[in-house]
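Visitor: So the chains spell out like this:
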Amino acid sequence: MAELKLTDVAKAYGPVKVLSDINLEIERGELIVFVGPSGCGKSTLLRMIAGLEKISGGELQIDGQVVNNVPPAQRGIAMVFQSYALYPHMTVRENMSFALKISGKSKDEISQAVNRAAKILQLEPYLDRLPKALSGGQRQRVAIGRSIVRDPKVYLFDEPLSNLDAALRVATRIEIAQLKEQMPDSTMIYVTHDQVEAMTLASRIVVLAGGGIAQVGTPLELYERPENTFVAQFIGSPQMNLLAGKVVGTGAQTRIALPEGQGTILSNVPTRDSDMGAEVEVGIRPEDMIQTGGPDYAYSGVVEIKEALGEVTLLYFKKQQPEHDPVIAKLPGIHTGVRGRTLKMTADPAKVHLFRNGQSLLYRT
Amino acid sequence: MGPLMQGVLTILIGVFGCVGYFYFSNLVLDRLIFPARNDDAGRNINRANAVRPWLFLAPALFALCLYLVYPVVGSFWRSMYDRSGDVFVGMQNYKNLSVDPEFRSAVFNNFLWVLIVPAMATFLGLVIAQLTDKLKWGGIAKSLIFMPMAISFVGASLIWKFVYSNDPNIGMLNAIRIFFGADSPIDPLQVPFWNNVFLMVILIWIQTGFAMVILSAALRGIPEETIEAAILDGANPFQIFFKIQVPQIMGTILVVWTTITILVLKVFDIVYTMTGGNFGTQILPSYMMEYMFRDDGRATAVALVIMVLVLPVMIWNIAQARKEMR
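Sequence lines, in order, name chains F and C. Following the working numbering from start to finish, the first sequence increments by one per residue and tops out at 366. Following the working numbering from start to finish, the second sequence increments by one per residue and tops out at 315.
By construction, these hints were calculated from the structure, which means they are not laboratory data. All C-beta atoms, glycine included, are put in the ideal place defined by N, C-alpha and C. Incorrect hints may have been included.
[Stated by the list, open to error] In silico contact screen, one side only, chain F against chain C (beta carbon under 7 Å); selected entries:
no. : residue
1   : Phe82
2   : Ala86
3   : Tyr224
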C-alpha cells in the first residue's frame, strides 16, 4: 500500500491557482524528489504535505488515513528546513529532544533516541553545543537528527542543501544518500531546484511545472524518455536542442527532414502512417551530437563560442533566428581550431527524440 | 542684533568652529609638532597617530566632563554641606536620611515601583505585541496603546486624576464601584498601600506602549521557520510562545526591562502631581523634589542615592544592549 497518496490535490490563494490536479502515489521506502523551476509550487506542495499550508482541494492520505485536517504533529511526518530552523537558544541535545519532550516521552526514551540519532549522524561530540557554535554542515545534520528522533513515517526535506557551499553540498548530498541506505524503510520527499541533486538522490523524480506534474519517473527515464519538451529541456545540462523538422518516413523508425540540415536523419521513435508530413520538434541532447562529414545531417552551423572544459568541449552555434536558443553541442575531449568553422552535426537514431505540440511521440496512446 | 541673527551666528560659529578645530588642530599636529620630515619621519608619524584620537576626542571629553562628571562631583561635594551651603557637615545629610521615616518609606515604595512597573509593563507589552501581531486591526490597536508614550507624565497624571476622582460622576473607578453596589465613593489615592499601586498603573499605562513596540519588532525578527518547526514538533501555541519565541528575544526583553527600571528610578512627576508624596506614596525622586531649594544639601544627598541605585542597572543595561547588537 502506498505510504502517501495525493488525489486531485490543489492549492489556491484566493483566485490564484498555484497547484491543481496533483495525483501521486509514493511507496514506502522511496526517495521522491520534487524538482522544478522556482515558483512552480514544489515547496508549497511539500508544505501542504507537512500541514503548514492548507489543502484547498483534493485529498491527502498518509498510511491509508486522510490527513487533510490532521494537525502537522499528528501526521507522522518530520521536516528539514532550508534554513535548518534550529532553536538557537537550545543545545543540540535539547533541539533534538524537544519534540519528544512535548509528546511526554520518558527521560530514558528521549536520551536513547537522541543518542541513537547522534551516533548515526556523528553528532556525539557536539550534543552540548549551541547551534551557533556549529558549522553549516553540522547544523544541517542536527536538523536531520531532529527528524530522526521522532521516527516519522515520512521525511520531508525542503531544499536542505541550498545554504551550503559547493564542496559541502556534494559531501552532504552523499551523506543523505548514505542515510537513506541505512534507513531503507523510511520514505523521504526531497524538494530541490538542483537537477544534479535530483538525479543523484531520487528513486523517482516528480517534475513540477506550471502548477501541475509534468512527469514522474526514475532519473534515467526522465533523461532517456522525457514525456514533453519541458522535462526534456529541464533535465540535462546544457539543455536539449529542439529543432523544427518534418516527418518524411514512418514506421518502426522515423525519417525526418530538417530545414537547417541536409538529407534526412533517422529516429528510433516509431510513427504511424498518418504522421507523414507532420511538423515535429526534433530533440537532440548536446552530448548526443556527433560531427559528420556524410551527406545526411541534422544541423549545420557556424561555431560562434567555444567553451573548452578539458574533459568536454561545448560549442555554441550561431543563431539562425534571433528568437531561438542557440544550438549547443557537447563533444568529448579537446577540439582546437573549430571556432568560426561550419560544422555538420547528426545523432544516433536511438538518441533522437520527437515531440509534437510539446508532447513526446513515444507516449502517444 | 535681533535674536534671529544671534541664532544664525551661533550656528555658524558652532559648525565652522568644529570643522576648524578638527582641521587646524590636525594641521598643527602633522606640520608643527610631529612633522613627517628628515630622520624622524617614521617615528613622528607613529607619534602623531598616537596623539590624534585624543586630539579629536578632546571636545567631546571636555563637554562630558563639564556636564556629567563635574555635576556628579559637585553634587557630592554639595551634599556634605548644610542647607545654606556654608557649613561643612560631612556625612550628616546621609545620616539624617537614614533615620528619616519618610525617606525609609520612600525607599520601600521605590523598591515596589522597581519591582512592579517594569515587570508589568514588559509583560503586558510582550503579550500585546504577540496578540496584535497577526490581527488585521492590530496596527490600530498598537497605535492606541503606543499613544500614551507621547503624553507628558504630568498630562498623563491629570488624565488619571479624572479616573481616580472620588466623585462617581467623574471618576471611572468610583463609577464602577457604585455600579456594582458600593454605597459611598472612596478616594483611591488615600487607600493605604494600594494608592502606591494606583500610581504605578499610570506609569505602566505609559510604558506598555514602549515595551510593546520594541518587543513587537523583536518578535518579528524571529525566523518563521523555527516556529513552523515547533508546530511540526507538536508544540501548542503556549509552548511555542514561552519555549521558542520568548527565549529567542530574551536579550531584548532584558533591555526593555532595565530601560524601564532606570526610568522608574527617575520619575517624580506622577507622585508629585497626584499626591505630592502624601498618604504614604513618597518615592525617592519626589522626596528629593520636596527638599530641593529648601535644603539643597539633603536634596543632593538623595540625588546621589538615586544615582548609586541606577548605576548597576545602567551598566547591566548597556552590557545587554551591546550583546544584542552583536
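Visitor: Compare the structure with each hint and give your call.
Guide: Here is what the structure says about each hint:
The interface hint given for Phe82 of chain F is met, as the beta carbon of that residue sits about 5 Å from the closest beta carbon of chain C, less than 7 Å. At its closest, the beta carbon of Ala86 of chain F sits 3 Å from a beta carbon of chain C; the interface hint therefore holds under the 7 Å criterion. The closest approach between the C-beta of Tyr224 of chain F and any C-beta of chain C is roughly 33 Å, which is over the 7 Å cut-off, so the hint fails.
The earlier numbered hint that this structure contradicts is number 3, and it is the only one.
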